[in-house]
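Participant: All chains should be modelled from the sequences, with the hints used to inform the complete structure.
Under the UniProt record's numbering, the sequence shown has 90 at position 90, and the numbering climbs by one with no breaks.
One or more of the hints may lead you astray.
[Said to hold, decoys possible] Simulated crosslink set (EDC-like; lysine to aspartate or glutamate; CA at most 20 Å straight-line):
#, residue 1, residue 2
1, 267, 391
2, 170, 101
3, 170, 42
4, 339, 265
5, 170, 97
6, 339, 329
7, 339, 138
8, 267, 101
9, 339, 391
10, 339, 137
None of these hints come from the bench; they were simulated from the model.
The structure presented is a predicted model; accordingly, all values stated were derived computationally and were not measured.
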Amino acid sequence: MTYKTSLSPKVALALVSFFLGELGDGLNIFQGIYLVALGWNEGSVGVALGMMGFTALLVQTFAGDIVDKTQLDRRAFLSASATATAFSASAILFVHEGNSDRALMYGTKVIEGVSSSFIGPCVAALTLATFGPDAFDEVMASNILWGHVGSIASAVLAGVVGYVMYPDIKYCFLVIGFSAIMAVGGVQFLPEGDPLMGRGLQTRHNAADNNAIGRSDDDDAALEPPFPGNNMRNEDSSAEYVNMKQHYVDHEEQSVSSYWSVFSDRKTVVLCLTGFFFHFANANVLLVLGELMGGDNEDGSVKRSAIPLIAGAIVLAQLTMSGATYAGDILTTRGYGRKPLFLAGLLTLPVRCALIIFWKDAGDAWLLSTQILDGLGGGFFGLLHPYLVNDIAFGSGRFNVLSTWHLFLFREY
1 MTYKTSLSPK VALALVSFFL GELGDGLNIF QGIYLVALGW NEGSVGVALG MMGFTALLVQ
61 TFAGDIVDKT QLDRRAFLSA SATATAFSAS AILFVHEGNS DRALMYGTKV IEGVSSSFIG
121 PCVAALTLAT FGPDAFDEVM ASNILWGHVG SIASAVLAGV VGYVMYPDIK YCFLVIGFSA
181 IMAVGGVQFL PEGDPLMGRG LQTRHNAADN NAIGRSDDDD AALEPPFPGN NMRNEDSSAE
241 YVNMKQHYVD HEEQSVSSYW SVFSDRKTVV LCLTGFFFHF ANANVLLVLG ELMGGDNEDG
301 SVKRSAIPLI AGAIVLAQLT MSGATYAGDI LTTRGYGRKP LFLAGLLTLP VRCALIIFWK
361 DAGDAWLLST QILDGLGGGF FGLLHPYLVN DIAFGSGRFN VLSTWHLFLF REY
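Facilitator: Below is the structure:
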């Protein structure tokens, strides 16, 4: 169901992306601090927080394949995923003091990993289904930018609440529930778009529509979705559209590329290997930075002063990612290409590590400033990833499964 509203699809996607950005990774860093304050040992905390990432690692490629193949409304998938992610992330509110309730945390983190794996593919599929490949870069850049802004808002709110309520910081996790409610509400204003276009399948039907898209830098109306299923469709054409849609599903899905042809493509292999080795090297840098900045109390618990520092590290990185996303979108729109930005993102890691080594005794402010480079790298990679996948996969019908396969290898280990 899509509500009739003056809210444009691009703005609706931006709002949904903002609140999904607030939902984020369930504020894992703050959850770790809270569990330590309850008496959990570091090993149990590491296992609990790692369960989500490990589960998502295993599930996300299958999630992308399901989002590609489904004939159900992807908006329902997105709403259910956001709700399940929020409920499972909020389960920490029911953990009692002492190193107990591990089954509750482990189980809900597995659920969170599964449900969160569907969020990214659903947003990307709805964007592609609504706007097509020609406008995809512009709208996806907006989604990513507002996702970073949402992460900033989440970290600031959690940091303020956690510092004020210290050591009882559990109330900062209410941000998660609020974000999920707002995200689900925003989904109701999204159009369904062309389901086949959403999986990256070029058809005779949507090719003509896609070529007709107007582009304008200062008019969101130029990005109005021209595809069947948007909220401009009147009710009298509903039955005709359903029959037409089924015809295209039955006929055009025969042209979907094989998994092997997509995954063995040279460009796919190069992109996957590059992302894997970059994130393999980058995985533990933030953890090392947190240990150098925050420090612990004599009993092993995290100092109160570490909370704003950790929040500051997240906010600084997300602010830089927002700027990098905005700048990257402008540069690619002006024809500077993907490769220079991709190389710039790669170079941020060795420079960042060198500065951390050089400034390790210089004070927290100097160490915190290295997060600017993390933000630049993350911003460029986060922006270019869907661009490159769309370049490689559009027309194959395997857009989302290839996107999540890349994320599998782009994940920080």
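Participant: With reference to the structure, classify each hint as holding or not holding.
Facilitator: Here's how the hints hold up against the structure:
1. A threshold of 20 Å between alpha carbons decides the hint, and for residue 267 with residue 391 the separation of about 10 Å falls inside it, so the pair holds.
2. Between the alpha carbons of residue 170 and residue 101 the distance comes to roughly 15 Å, so the proposed pair stays at or under 20 Å and holds.
3. Among the hinted pairs, residue 170 with residue 42 is consistent with the structure: their alpha-carbon atoms are about 18 Å apart, no more than 20 Å.
4. As the CA atoms of residue 339 and residue 265 are separated by approximately 18 Å, the hinted pair is consistent with the 20 Å bound.
5. With a C-alpha separation of about 12 Å, the suggested pair residue 170 and residue 97 falls inside the 20 Å cut-off, and the hint holds.
6. This hinted pair checks out: residue 339 and residue 329 have alpha carbons roughly 13 Å apart, not beyond 20 Å.
7. Of the supplied pair hints, the one linking residue 339 and residue 138 holds, its CA atoms being roughly 18 Å apart against a limit of 20 Å.
8. With a C-alpha separation of about 46 Å, the suggested pairing of residue 267 with residue 101 is violated against the 20 Å cut-off.
9. Simply put, residue 339 and residue 391 have alpha-carbon atoms about 13 Å apart, close enough for the 20 Å limit, and the pair holds.
10. With a C-alpha separation of about 15 Å, the suggested pair residue 339 and residue 137 falls inside the 20 Å cut-off, and the hint holds.
Hint compliance for this structure: hint 8 is the single one not met.
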